[in-house]
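S.K.: Produce the complete structure using the sequences and hints provided.
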Amino acid sequence: MATIKPFKALRPREDVASRVAALPYDVYNREEALEEVLKEPLSFLKVDRAETQFAKDFSPYDAKVYAKARDILQDMMHEGLLIREANDCYYVYELIMDGRSQTGLVGCATIDDYLNNIIKKHEKTREDKEIDRTTHVDVCNAQTGPIFLAYRSRKTINDVVDLIKKTTPLYDFVAPDGVRHVVWKLDQASDIELISTEFKTLDSIYIADGHHRTASAVKVGLKRRTANPRYTGNEEFNFFLSVLFPHDQLMILDYNRVVKDLNGLNKDEFLSEVGKACFVEEMGFEPFQPAEKATFGMYLEGLWYKLTVKDELRSEDPVEGLDVSLLQNHILTSVLNIKDIRTDKRIDFVGGIRGLKELEKRVNSDMKIAFSMYPTSINELFEVSDADRLMPPKSTWFEPKLRSGLFIHELK
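Using the numbering used here, the final residue of the sequence shown is 1391, and nothing's skipped along the way.
Hints are computed from structural coordinates only; laboratory data are not their basis. Some hints here could point you the wrong way.
[Said to hold, decoys possible] Below, in silico cross-link-like pairs of lysine to aspartate or glutamate (EDC-like), each with a Cα-Cα straight-line distance of 16 Å or less:
#  : residue 1 : residue 2
1  : 1198      : 1214
2  : 1164      : 1151
3  : 1202      : 1214
4  : 1144      : 1073
5  : 1043      : 1111
6  : 984       : 1177
7  : 1373      : 1319
8  : 1336      : 1280
9  : 1164      : 1064
10 : 1285      : 1252
11 : 1373      : 1005
12 : 1164      : 1073
13 : 1289      : 1260
14 : 1347      : 1240
15 : 1289      : 1252
16 : 984       : 1170
17 : 1272      : 1299
18 : 1202      : 1117
19 : 1272      : 1291
20 : 1285      : 1261
[What the hints assert, rightly or not] Just the calculated beta-carbon pair ranges, DEER-fashion:
#  : residue 1 : residue 2 : range
21 : 1050      : 1155      : 23 to 29 Å
22 : 1262      : 1365      : 32 to 38 Å
23 : 1318      : 1065      : 54 to 60 Å
24 : 1040      : 1180      : 41 to 47 Å
25 : 1134      : 1246      : 52 to 58 Å
26 : 1261      : 1110      : 46 to 52 Å
27 : 994       : 1033      : 25 to 31 Å
28 : 994       : 1259      : 55 to 61 Å
29 : 1033      : 1134      : 46 to 52 Å
All figures in this text were calculated on a predicted structure; none of them were measured in a lab. Glycine residues also receive a C-beta, built at the ideal position from the N, C-alpha and C atoms.
M.R.: Structural data, given as C-alpha cells:
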C-alpha cells in the first residue's frame, strides 16, 4: 500500500516561474552550471549548485557552500520570488517535448515506503553523491529537486488528471531547450481524497530517476527521527518531493557507449572476436539505430555495423537479458576488457537525446569505437526492480527532465 500525500509547496511566482525553473543539478558540470547562472540570475541552479557563487577553486563540498544555498533560498522567499501555498494540494505537471506529452502528479512519498521496498530501486548509489545531497537537504531544510517516480497506470487517477488539465494552468512556458512545461493545481478535497485513496491500492512504485536524491531524503528523515524521538510520522521530514508518472506515458531513450581503443586488436581481429557473439552486418555510412532487442549499432573507422546477438547467448533473466548486459558481457568485458564501467576511464556514455551524430563526433575526435543501443523499456525496469535486482550503470536515459525550483518541499 503506497502513501502519497498533498503538501504546501514553496513555488515560484507565476511571472518568474520560467526563469526560476532549472534542469537538475547533476546535468551540469561546474563550468556549465556557472555559465547557466550567469546567463539567468534567477535560475534555481544557484540554490542546487551554490558553488557557482564562489571562486572556481573553492570546494563544492565546503560547509559555506551549503549555507549559501540556504541563504539564497531564503532570500528568494523574502524577495517574493517564491511563495508558500496556503493549503495542502497536489499539482499536475505536463512536459511536452517534440510533440510528445507526459503528465505526472506532484506530491510527497514517504520514506517508510522506501525503507519497506514499496518504492523500489534499480540502481546502486554512490556514497559521495549521497553525502552531498543529504547535506544540501539538511542545511536548506528543504527538498529542492523532485524524484521521478513511475507507477502502473490507473484509469481513476488518469481521469482526475485529465479533468484538471481542462482548467486554467498555474504555469505554462517553453524552456530554452524547447520543452514546454504546464502546471495545474489540484486542490479540491474530493479530488485529493480520491487520488490519495487510489495510490493506496498500489503495491509498488518505482524510482525512474533520482536514486541519490531519494536516498538522501531518507537519510535526512532518519536523522531527524533520531533527533525527535517523539515523532509521529506526520512531520514533513518523513516525506520526500516526487513527481509520479503512469508507466504508459514514459519513454526511455537509449544510453550509448563510446570506447577509446580496441584493447590492442586491429580492426579485423576485433571484428572476428565480436563475430563469436554476434552476427555482424556492414550498414554503410548512415548512422544505425537498433529497432529491436539484442541488436546494437557499431561505428568503427567511418562505417556503421549492425550487431545481432546470437540466440544461444540471450537470456530470460531480468538483468542478464538487458541489452546493456548483453553488450557488457559479450563485447565490452570479453573482447575489450572493460570490466567495471563505473571506474574504467576507457569508456564514456552518451545519452540518446544527443543523437547518433554525437557518437560519430566522439569517435572522430577522442574515441575509437561507438555502440548505439536499443533502449531499455519501462517494463524491463519494473521487472528488475520487482526482482530486487539492480541494473548495470547507465541503463536508462529519461527525457524530458523534470525542472527543479517549480516545487519545493520544506521539512519544517
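S.K.: Does each hint fit the structure? Answer for all of them.
M.R.: Cross-check of the supplied hints:
{"no.": "1", "hint": "1198 / 1214", "verdict": "holds, 15 Å"}
{"no.": "2", "hint": "1164 / 1151", "verdict": "holds, 12 Å"}
{"no.": "3", "hint": "1202 / 1214", "verdict": "holds, 13 Å"}
{"no.": "4", "hint": "1144 / 1073", "verdict": "holds, 9 Å"}
{"no.": "5", "hint": "1043 / 1111", "verdict": "holds, 13 Å"}
{"no.": "6", "hint": "984 / 1177", "verdict": "holds, 11 Å"}
{"no.": "7", "hint": "1373 / 1319", "verdict": "holds, 12 Å"}
{"no.": "8", "hint": "1336 / 1280", "verdict": "holds, 14 Å"}
{"no.": "9", "hint": "1164 / 1064", "verdict": "holds, 10 Å"}
{"no.": "10", "hint": "1285 / 1252", "verdict": "holds, 15 Å"}
{"no.": "11", "hint": "1373 / 1005", "verdict": "holds, 14 Å"}
{"no.": "12", "hint": "1164 / 1073", "verdict": "holds, 12 Å"}
{"no.": "13", "hint": "1289 / 1260", "verdict": "holds, 13 Å"}
{"no.": "14", "hint": "1347 / 1240", "verdict": "holds, 5 Å"}
{"no.": "15", "hint": "1289 / 1252", "verdict": "holds, 13 Å"}
{"no.": "16", "hint": "984 / 1170", "verdict": "holds, 12 Å"}
{"no.": "17", "hint": "1272 / 1299", "verdict": "holds, 13 Å"}
{"no.": "18", "hint": "1202 / 1117", "verdict": "holds, 9 Å"}
{"no.": "19", "hint": "1272 / 1291", "verdict": "holds, 14 Å"}
{"no.": "20", "hint": "1285 / 1261", "verdict": "holds, 6 Å"}
{"no.": "21", "hint": "1050 / 1155: 23 to 29 Å", "verdict": "holds, 27 Å"}
{"no.": "22", "hint": "1262 / 1365: 32 to 38 Å", "verdict": "holds, 36 Å"}
{"no.": "23", "hint": "1318 / 1065: 54 to 60 Å", "verdict": "holds, 55 Å"}
{"no.": "24", "hint": "1040 / 1180: 41 to 47 Å", "verdict": "holds, 42 Å"}
{"no.": "25", "hint": "1134 / 1246: 52 to 58 Å", "verdict": "holds, 54 Å"}
{"no.": "26", "hint": "1261 / 1110: 46 to 52 Å", "verdict": "holds, 48 Å"}
{"no.": "27", "hint": "994 / 1033: 25 to 31 Å", "verdict": "holds, 30 Å"}
{"no.": "28", "hint": "994 / 1259: 55 to 61 Å", "verdict": "holds, 57 Å"}
{"no.": "29", "hint": "1033 / 1134: 46 to 52 Å", "verdict": "holds, 50 Å"}
Hint compliance for this structure: no hint is broken.
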